[in-house]
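This is what each chain is made of:
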Amino acid sequence: AQRVTQPEKLLSVFKGAPVELKCNYSYSGSPELFWYVQYSRQRLQLLLRHISRESIKGFTADLNKGETSFHLKKPFAQEEDSAMYYCALPYNTDKLIFGTGTRLQVFP
Amino acid sequence: KAGVTQTPRYLIKTRGQQVTLSCSPISGHRSVSWYQQTPGQGLQFLFEYFSETQRNKGNFPGRFSGRQFSNSRSEMNVSTLELGDSALYLCASSLETFTGELFFGEGSRLTVL
Chain A
1372 AQRVTQPEKL LSVFKGAPVE LKCNYSYSGS PELFWYVQYS RQRLQLLLRH
1422 ISRESIKGFT ADLNKGETSF HLKKPFAQEE DSAMYYCALP YNTDKLIFGT
1472 GTRLQVFP
Chain B
573 KAGVTQTPRY LIKTRGQQVT LSCSPISGHR SVSWYQQTPG QGLQFLFEYF
623 SETQRNKGNF PGRFSGRQFS NSRSEMNVST LELGDSALYL CASSLETFTG
673 ELFFGEGSRL TVL
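Residue numbers (our numbering), protein chains in the order written: chain A, 1372 to 1479; chain B, 573 to 685.
Worth flagging that the hints you see were computed from the coordinates, not collected in a lab. Any given hint could turn out to be false.
[Stated by the list, open to error] Have a look at the derived ranges for each label pair, beta carbon to beta carbon: (1) A:Gln1416 <-> B:Gln613: 43 to 49 Å; (2) A:Arg1412 <-> B:Arg635: 29 to 35 Å; (3) A:Lys1386 <-> B:Thr671: 30 to 36 Å; (4) B:Glu624 <-> A:Arg1374: 26 to 32 Å; (5) B:Arg639 <-> A:Arg1474: 32 to 38 Å; (6) A:Pro1479 <-> B:Ser623: 23 to 29 Å; (7) A:Phe1385 <-> B:Glu624: 47 to 53 Å; (8) A:Ser1397 <-> B:Pro580: 48 to 54 Å; (9) B:Thr671 <-> A:Thr1431: 18 to 24 Å.
[Said to hold, decoys possible] 30 Å max Cα-Cα, derived DSBU-like pairs, lysine-lysine: (10) A:Lys1436 <-> B:Lys585; (11) A:Lys1393 <-> A:Lys1436; (12) A:Lys1393 <-> B:Lys585; (13) A:Lys1380 <-> B:Lys629; (14) B:Lys629 <-> B:Lys585; (15) A:Lys1380 <-> A:Lys1428; (16) A:Lys1444 <-> A:Lys1428; (17) A:Lys1380 <-> A:Lys1436; (18) A:Lys1380 <-> A:Lys1393.
Computed from a prediction, not measured in an experiment: that's the story for all the values here. Beta carbons: idealized from backbone N, C-alpha and C, even for Gly.
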């Protein structure tokens, strides 16, 4: 069955440090994965999708089929990156299932 | 374009009561999904509607139900409320063709006492 695992509930770093938010998935086939972000007092919103191979707000995510991972990375964290991050995977081609989320705290 | 609107934003109920939550999608969006968000479980999929038909259903008991109207607005209902139903209920709308991009509302925070 399709499943998304985010092993870390909380990740704390200092400003300027590299960030890696982990996401592992279980999926039969070629998955299309997504990262969603929820800033404090804002709506949950799409951050990036792997198929577009884009960098959004300095974040990138590479799909590693061998390790079944889709980790979210940023070389230099900023305080405004503090938020809740969710990895998501399509299920039955027309709905998304989400991981349990990782809270990123960036200290000044 | 106005975003996804959910009402009410906050509500308090007692065990055994029922509750109805409403969601108005972005204009032109015909798919509406509902999720339950809790600190421990993250986002759990409840159900998804398209053109007034439930296309997908998550692993929740029958006390959780929903419907969609011809104008794409959706409601979800929880009957016989339990303490564990306390959560933020999020509605999200999307275009007819699944792209993986969901547009979320601010949610309805339900507290069951």
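Outcome of the hint check:
1. A:Gln1416 <-> B:Gln613: 43 to 49 Å: Distance hint for Gln1416 of chain A, Gln613 of chain B is violated at roughly 20 Å.
2. A:Arg1412 <-> B:Arg635: 29 to 35 Å: Holds - the Cβ-Cβ distance for Arg1412 of chain A and Arg635 of chain B, about 30 Å, lies within 29 to 35 Å.
3. A:Lys1386 <-> B:Thr671: 30 to 36 Å: 34 Å Cβ-Cβ, so the 30 to 36 Å window holds.
4. B:Glu624 <-> A:Arg1374: 26 to 32 Å: Holds, since Glu624 of chain B and Arg1374 of chain A (Cβ atoms, about 30 Å apart) stay within the stated range.
5. B:Arg639 <-> A:Arg1474: 32 to 38 Å: 34 Å, holds
6. A:Pro1479 <-> B:Ser623: 23 to 29 Å: 49 Å Cβ-Cβ, so the 23 to 29 Å window is violated.
7. A:Phe1385 <-> B:Glu624: 47 to 53 Å: 51 Å, holds
8. A:Ser1397 <-> B:Pro580: 48 to 54 Å: 37 Å, violated
9. B:Thr671 <-> A:Thr1431: 18 to 24 Å: Since the Cβ atoms of Thr671 of chain B and Thr1431 of chain A sit about 20 Å apart, the hinted range of 18 to 24 Å holds.
10. A:Lys1436 <-> B:Lys585: The hint is violated at about 46 Å.
11. A:Lys1393 <-> A:Lys1436: It holds: about 14 Å lies between the C-alpha atoms, which stays within 30 Å.
12. A:Lys1393 <-> B:Lys585: With Cα atoms ~37 Å apart, Lys1393 of chain A and Lys585 of chain B exceed 30 Å; violated.
13. A:Lys1380 <-> B:Lys629: 26 Å, holds
14. B:Lys629 <-> B:Lys585: 25 Å, holds
15. A:Lys1380 <-> A:Lys1428: 22 Å, holds
16. A:Lys1444 <-> A:Lys1428: 11 Å, holds
17. A:Lys1380 <-> A:Lys1436: Roughly 23 Å separates the two Cα atoms, so the pair holds.
18. A:Lys1380 <-> A:Lys1393: 10 Å, holds
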